[in-house]
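Modelling step: build the complete structure from the supplied sequences, incorporating the hints.
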Amino acid sequence: MNNVRNKKRANKSLPFFFKDEFKVFSVIIIVSTILLISTFTFDTVPPILNRGIQPATFPKGLLVLIIALTSLIYYLSFKKPWKKEKELPKNFFLTLLSFIFFIIISKTLDFFLAISVLSVFVSYNWGEKRFFYLLLVGIIFPFIVFVFFEMILGLRFPPGIITNLYYY
Amino acid sequence: MDNLLLMMAPLFSSKLLLVLLFGTLFGLILGVLPGLGPTTGGALILPFTMTLDPLSAIVLLTSIYCAGTYGGAITAVLINTPGTPAAAATCLDGYPLAQKGEAGRALGMATVSSTVGGIFSVVILVFFAPILAKLAYEFGQPEYFALAIFGLTMLASIGEGSPIKNLIAAAFGILISTIGKDFMTSIDRFTYGINELSVGIGFIPVVVGLFAISEMLTQSTLLHQVFKRVALKAVKLPSKEDYKKTWKTILRSSGIGSFIGVLPAEGGTVASLIGYSEAKRFSKNPEEFGKGSIEGIAGAEAANNAATGGAMVPTLALGIPGSATTAVILTGLIIHGVRPGPDLFREQPDFLYGIFGAMLIANILFFIFGFFGAKIFARITLVPNKILWPMIFTVSVCGTYSLSQSILDVWIMLFFGVLGFFMRRFGFSVVPVIIGLILGELVEGTLRQSLVIFDGNWLMFFTRPIVVTFFILSFIALIFPLLKKKK
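Protein sequence lines correspond, in order, to chains A and B. Numbers in the working numbering are just positions in the first sequence, counted from 1, shifted up by 70. Numbers in the working numbering are just positions in the second sequence, counted from 1, shifted up by 244.
Keep in mind the hints are simulated off the structure, nothing from the lab. Certain hints may be false.
[Stated by the list, open to error] Just the calculated beta-carbon pair ranges, DEER-fashion:
1) B:I723 / A:R200: 23 to 33 Å
2) B:L717 / A:K177: 32 to 42 Å
3) A:F92 / B:I375: 17 to 27 Å
4) A:P228 / B:K492: 52 to 62 Å
5) A:T103 / B:T707: 50 to 60 Å
6) B:S430 / A:G197: 47 to 57 Å
7) B:I723 / A:G224: 26 to 36 Å
8) A:R200 / B:K488: 25 to 35 Å
In this text the structure is predicted, and so the values were computed from the model without any measurement. Heads up, the beta-carbon is just placed ideally off N, CA and C, and yes, glycines get one too.
So this is what it looks like as structure tokens:
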């Protein structure tokens, strides 16, 4: 209980732009506003074809609702500040980084290579140093899954330097 | 009588029995593993159901749902970590009882009460789903719109966390459903010139991202967490005294769970919390709660499993999911060309009663597996996260890719994984996003078609009694949390 109180106090003492509630509020409002502006670029249908409402009206209404509700939670946070979250550990950022590696490798080199690299990278950073287990998560398991999907579902995975070896 | 025979159909089909056995086992494993659960598991296995006929596919998904909901109790009792969110209340008394050396008794009660709750809810499903489906014949587009709004407001009101945040999440889910070509005019919305987006964002990438990938990121922050595992010798059936003490609680919680399940919310999670608190309120020994009360375990477990059948009622009768997992089941139905709603009850009773029967059998099967195999299932929790999660990532990526064979879906999955992590971190539940996404087309479609019927006059909504009733109920659902706070 005391810990929670201390955390709340800690959050209260921060300048407003460092507080979680402000960060969340800003992100939602900025993204929603950009999306709302983009709805004005949607094509419109001529009145004779327009049955009910224009295609942009419904998303516009939703975005206005999101902006209004987000403003409301921000306003309420003045009365009841959010508790401060713990700092994110290094492993979180490394896992996040592995997602970026995954996207780059899957786009440029190979889909399965990307899976293997991510699996080994994550497993290693999470503390697995034994070679067999890294081999298991990085090569053996993805290969089993690949063959399983390929044979049972008849899937064709995107071409790449390793996948092509299997197909040709 | 005919319907009863149709319900027994899965027992006479070796294929369906095999599917049920596999689904129950798979569901138990998913339930036992913290962070995974029937929703993620159902979404991951969805591509594989394409190789099955529609009935087998839905039987597989429903058996995963029933067994997965129960499986969470094993981890809750033995390592004080709920395998699924629905088992959170089970930890409160399950683990203290296990610490007293009575893990077998705790798991025995969890198994019995889950089974009774599950079977009770199937009976509710068999009786109420057809009645609701008949009522739905009275519904036109405006009524469906009002019903969907009522569902979303209930979700916000009784769902986990802040109602306002739940509403934002639900609105965001509906917004995602508007991406792609407008279904009435074929005008592109939020596609920004990306051709793949014109067909919209698939349900599976979003579900797998919000549940599996966000959980992977959560696990990356918990690597130093140490679980204290209580040893289990064998699961014990409850004694006569335990039955005497808990039968009323089990029945009450079964009723509560079935009712809560019908409402679109986090089904089992909310049901178990209410079931637990009601068990405490009615108990002769409320001071024992939190210290290893057998009634606490019974109350939470009967309620969360009873929510499974309850959640299937609106899913099958109206096409409106009662929980995140039933949203996955609904997607399975749609993928297999089955349109849920009143017509399904009239045209395909064999299909429906087959599902009801399968749910009944799944409840009996997880009782047997749980009773004799809990010790083995508990061992699954020993698989270290550093090996388990990269494997789950591999299956998630391949499963997501397989549905539309689009790499963009995989990237969307990753995006929603990161988004889901931050949503949860800042107190936004991800379940309303899923329900909003699946109801989005219904909400927009019925609103626009209603306006066509009403010639653009919004006030005409208030001339229809069913619509007005749903609007009043929605209003009550919205102000209910405020009133509760003031109390």
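- Against the earlier hints, flag every one the structure doesn't satisfy and list their numbers going up. Violated hints: 1, 2, 3, 5, 7 and 8; rest satisfied.
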